[in-house]
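K.L.:
Chains Y and C supply the protein sequences, listed in that same order. If you're matching positions, the first sequence starts at 71 in my numbering and goes up one per residue. If you're matching positions, the second sequence starts at 412 in my numbering and goes up one per residue.
Among the clues, some could well be false.
Stated by the list, open to error - Cut-off 25 Å, straight-line C-alpha distance, at most; resulting in silico cross-link-like pairs (DMTMM-like, lysine to aspartate or glutamate):
1) Y/K150 to C/E502
2) Y/K167 to C/E694
3) C/K759 to Y/D133
4) Y/K150 to C/E975
5) Y/K117 to C/E502
6) C/K755 to Y/D133
7) Y/K122 to C/D504
8) C/K755 to Y/D168
9) C/K755 to Y/D118
10) Y/K124 to C/D942
11) Y/K124 to C/E797
12) C/K756 to Y/D133
13) C/K759 to Y/D118
14) Y/K137 to C/D870
15) C/K555 to Y/D118
16) Y/K150 to C/D504
17) Y/K143 to C/D609
18) Y/K150 to C/E438
19) Y/K284 to C/E975
20) Y/K143 to C/E438
21) C/K915 to Y/D133
22) Y/K297 to C/E975
23) Y/K167 to C/D608
24) Y/K122 to C/E975
25) C/K645 to C/D942
26) Y/K137 to C/E978
27) C/K691 to Y/D168
28) Y/K143 to C/E978
29) Y/K150 to C/D513
30) Y/K209 to C/E438
31) Y/K137 to C/E975
32) C/K915 to Y/D290
33) Y/K122 to C/E438
34) Y/K143 to C/D942
These aren't lab readings, by the way, just hints derived from the structure by calculation.
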Amino acid sequence: MRNSPFTIKAGLTVGLLAMLLAAAPAKANPQGEKVIRLVEQAFLSYKDQFGKYKYLIKNRGGDKIIKFTLYNKGTKRLIKFTYPGDVRGQMVLMQSKDEMYIYLPAYRRVRRLAGHVRNQGFMGSDLSLDDMSIGSWSKDYTTTLVKQDAKYWYLSLKKKAGRNPPYPRLKMRVLKKIHEADKIEYMSRSGRALRTQTLTGWYCQGNSIMCAAKTILMIDHRRGNHKTYLYEVESRFNVGISNRKFTIRYLMRGG
Amino acid sequence: MKCSTTMWTAILIASMAWAKTAQAQIEKSWTVSIQSDVRYVVQEKSTKELIPAADFVKYPYLAGHKYRKLILVPTGFSRNENILHVRLSAETDKLKGVAEVDFVWLGYSREAQVLQDLTKREKLLPFRLESNALYLDVNGFIFKNLDLRIGQQVISWGTADQFNPTSNLNPLDLEDPLLFGEHMGVPAIRMDYAVSDDWTATLAWVPIFFPDNLPATAPIGLASPDRIPVLDQKMRWQFAVDRGLGELLANGPTRVTEANLEKPPMNIGNSQVGFRIRGKIFEQDISLSYYYGRSGMPQPSVSRAFFRQDANYIDTRVNLMYPRMHVAGLSMAGQIPWAKALMKKNPKLKPVGWWFEAAAFFPQKITMGIYQNDFPIVGTGEYDYEGDGVQGGNRPTIVDTTPFLKWTLGFDYSFSNHWYANVQWVHGFPDEFGAGGWLSNLWSKQKGMVVGKSYLDFDYNDDGHNDTDILSCYGSGQQGRCVHEIVRPRLGDYIVGGVDFKFKNQSMLMRLFFILDMSGSYEQYWKGSADGSTGKRVSVWHNPFSAKGFSAIIYPQFTWAVAEGAELSIGGFLALGKSYSRFGDPAVGSSMVWTRGKFTF
């Protein structure tokens, strides 16, 4: 599914998109593909990003908090955990969808993360490493524009033959103004909702080019509607992050 | 030593000067953890020692055997530690400093022996300090793509889980059996050069050699002279018979009372160096490495035996040395996708993680000189190795120059959010050294074995009655008729596997890991007619699932994350197998239960 819950930015103007969709019939596939590409382009509307985030995992036995720092550049990501103490110093490097590495400070060792780990709930949350990686929906899904209104495009995504994304179907609601999905439903092949992700508190920088949500809520319906909140504490774009931060060499040296 | 100190200082000053330009904002962080460990040994381990009682043991090998029990590992508390771990770091874009210290309060005192000791706090509550990280990093040192790290550090190489034959720059910390061989930090200089985003070349220099930290039970292994790993089996038999005869004359057992270390001099010739290049090919990680230095596991080089008839034992003192070695390594890791047909049936299948790590060792030859002092008949001087009546000759080989390969192949898979499994085949444990085992034998044609147990056996036809005596075997070239050995390959093969089950929102973990020795054991002895006129030496393999060949570690654990950063654990460590087996050996330690509490903030 490769949605990015952390970096939510748009790159094209509303005017351009309006031109593309002006005469769009409600379920025309080409329009759906165009919208999803615009959403993908929104990811690349900045050179790099630095941010601090906080997970709040709602458990019956008590809430759990995880804090981390995020470095983003192109399609690469580095996550450095800062809280709680037992995960402080742990880092996850995402070089691509299939190349992820973890640095475990207790063992002073870098380990490659194979595909089987990446769609598991991360540290007890409802978000997985796949959720944190940057990819493209258009590679894995065919997109149909189901309907639209003044504020949103409503998309339906189905997995392409030969591709194997974690969820066979998605429903996505995209804000027309900023080309960002503010609600995504992850569904089974039969159309059963497995997870729902909602993004709120949008703000934009750089003349509406780079936008982000302050809060993301992920509900896992398979876990009795278990909830994980992700709060943005601080976020800056185009800060000039060095390429070396996204190398295994950086991880091997403990960050 | 002086040379290396000067170099260290020069490099430190250079790196500081280079980094001086980096006056960017300093990012500081700290981590503190408090850990409490309690362990209780539940299984006593003991051995038998010949009773030096003249009335019965006048002719022990003629009349029979009588032994007394020696407790090697008693039951009771074996650890009661409290550890304060502090990690401080400060970094800018250019520079980083890390200081990590463990204060370990041992929780019991072996040193308070006399009344005066009770007046000294340090004797009553002893502690030790450890540091695995105390270093300075300079990024972009001289060249943009060159990073330097100088100071106390661990340089971990390899892709396998825990069993990393290519990682030789740091000594092993085997003091705690539950850690299965962590590495200890040592003063070193390491340089990483980024050839590209994906490829990095590393050069590391450890100026001073540090040996491995052995477990408290390690001297038990050394205390058995029959287990000195003499390569040539005929020479082993000869030693066994001569030792038996000596014990007969001394009217008591052989005891290793001292094991002295021959530590390499602290000069540049004894430095260790390593080079590695690491990168990716077809999205699979790969690295090639080279190491030159010494094995951290000591090998016997000299044995001096003193005949002590007045004390009823033979006093043996052994010297141990650290063999030099060259090691060429290869490490790989990646993921294997499932076949398309399977994926079609079950789209939820995810790629399996895999890793392979292999190291070819080229060891220095080690021989052992044996000296006897005040022995009856032979007197004082070097042992007559050839039995030709002339002292000295070709000393027995402990490690020969035959190259050997250690490797680890592993896979892991997550079945769901709850279940995770990991399995590895390990050829050669970290403490095993020297050619031997099925793979080495392919090219060396030599059965490199280590002795688990050796004793004199005079019952040729296994009818319960002695058919000969020690004098018939002594000096006759017929020693093989009297020596009964249980041996195993120098490099064993092991399956290391485990399963994790996480539940209650991943706050609870049930873990079951095991190590199974797949090598089994070989029982080798003389089998023949009672009069000795016919017969031959036989070798019986006890497979790893038989009572005599079985040896395993089982390591169950339950961990509960009671709060953020805090966890409580309880578990067991079961060392199973006969006393001569890999894990049943008292030198490995004994079965225990343990608890641990840890809070990190």
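K.L.:
Against each hint, give a clear statement of whether it holds in the structure.
P.N.:
Hints, one by one, checked against the model:
Note on Y/K150 and C/E502: the hinted pairing holds, with a Cα-Cα distance of about 14 Å set against a maximum of 25 Å. Between Y/K167 and C/E694 the alpha-carbon distance is near 11 Å, which keeps this suggested pair within the 25 Å criterion. Annotation: proposed proximity of C/K759 to Y/D133 is violated, straight-line Cα distance about 30 Å (limit 25 Å). A threshold of 25 Å between alpha carbons decides the hint, and for Y/K150 with C/E975 the separation of about 17 Å falls inside it, so the pair holds.
Between Y/K117 and C/E502, the direct Cα distance comes to roughly 24 Å. Compliance with the 25 Å bound is thereby established for this hinted pair. Restraint check for C/K755 and Y/D133: not satisfied, since their Cα atoms lie roughly 39 Å apart, outside the 25 Å limit. At most 25 Å may separate the alpha-carbon atoms for a hinted pair to count; Y/K122 and C/D504 meet this at roughly 18 Å. Distance restraint check for C/K755 and Y/D168: the Cα-Cα separation of roughly 20 Å lies within the 25 Å cut-off, and the hinted pair is therefore satisfied.
Restraint check for C/K755 and Y/D118: the C-alpha separation of about 38 Å exceeds 25 Å, so the hint is violated. The straight-line distance between the Cα atoms of Y/K124 and C/D942 is roughly 84 Å, outside the 25 Å bound, and the hint therefore fails. At roughly 75 Å between alpha-carbon atoms, Y/K124 and C/E797 are farther apart than 25 Å, so this suggested pair is violated. Distance restraint check for C/K756 and Y/D133: the Cα-Cα separation of roughly 38 Å exceeds the 25 Å cut-off, and the hinted pair is therefore not satisfied.
For the hint pairing C/K759 with Y/D118, the CA-to-CA distance comes to about 33 Å; that exceeds 25 Å, so the pair is violated. At most 25 Å may separate the alpha-carbon atoms for a hinted pair to count; Y/K137 and C/D870 exceed this at roughly 71 Å. For the proposed pair C/K555 and Y/D118, the alpha carbon gap of about 21 Å is at most 25 Å, so the pair holds. A hinted pair counts as satisfied when its Cα atoms are at most 25 Å apart, and Y/K150 with C/D504 qualifies at roughly 16 Å.
For the given pair, Y/K143 sits about 16 Å from C/D609 by alpha-carbon distance, which is consistent with the 25 Å threshold. Proposed proximity of Y/K150 and C/E438 is supported: the alpha carbons are some 14 Å apart, at most 25 Å. Restraint check for Y/K284 and C/E975: the C-alpha separation of about 24 Å stays at or below 25 Å, so the hint holds. The hinted pair formed by Y/K143 and C/E438 meets the criterion: a straight-line CA distance of about 21 Å does not exceed 25 Å.
Restraint check for C/K915 and Y/D133: satisfied, since their Cα atoms lie roughly 13 Å apart, inside the 25 Å limit. Between the alpha carbons of Y/K297 and C/E975 the distance comes to roughly 18 Å, so the proposed pair stays at or under 25 Å and holds. Our distance criterion of 25 Å between C-alpha atoms is met by Y/K167 and C/D608, whose separation comes to about 17 Å. Proximity of Y/K122 to C/E975 is assessed by CA-CA distance (about 19 Å); at most 25 Å being required, the pair is judged to hold.
For the given pair, C/K645 sits about 22 Å from C/D942 by alpha-carbon distance, which is consistent with the 25 Å threshold. With a C-alpha separation of about 18 Å, the suggested pair Y/K137 and C/E978 falls inside the 25 Å cut-off, and the hint holds. For the hint pairing C/K691 with Y/D168, the CA-to-CA distance comes to about 13 Å; that is within 25 Å, so the pair holds. Among the hinted pairs, Y/K143 with C/E978 is inconsistent with the structure: their alpha-carbon atoms are about 35 Å apart, more than 25 Å.
Proposed proximity of Y/K150 and C/D513 is supported: the alpha carbons are some 24 Å apart, at most 25 Å. Restraint check for Y/K209 and C/E438: the C-alpha separation of about 39 Å exceeds 25 Å, so the hint is violated. Between Y/K137 and C/E975 the CA atoms are separated by roughly 11 Å; this keeps the pair inside 25 Å, and the hint holds. Distance restraint check for C/K915 and Y/D290: the Cα-Cα separation of roughly 15 Å lies within the 25 Å cut-off, and the hinted pair is therefore satisfied.
As the CA atoms of Y/K122 and C/E438 are separated by approximately 14 Å, the hinted pair is consistent with the 25 Å bound. Note on Y/K143 and C/D942: the hinted pairing is violated, with a Cα-Cα distance of about 84 Å set against a maximum of 25 Å.
This entry does not satisfy hints 3, 6, 9, 10, 11, 12, 13, 14, 28, 30 and 34, going by the numbered hints stated previously.
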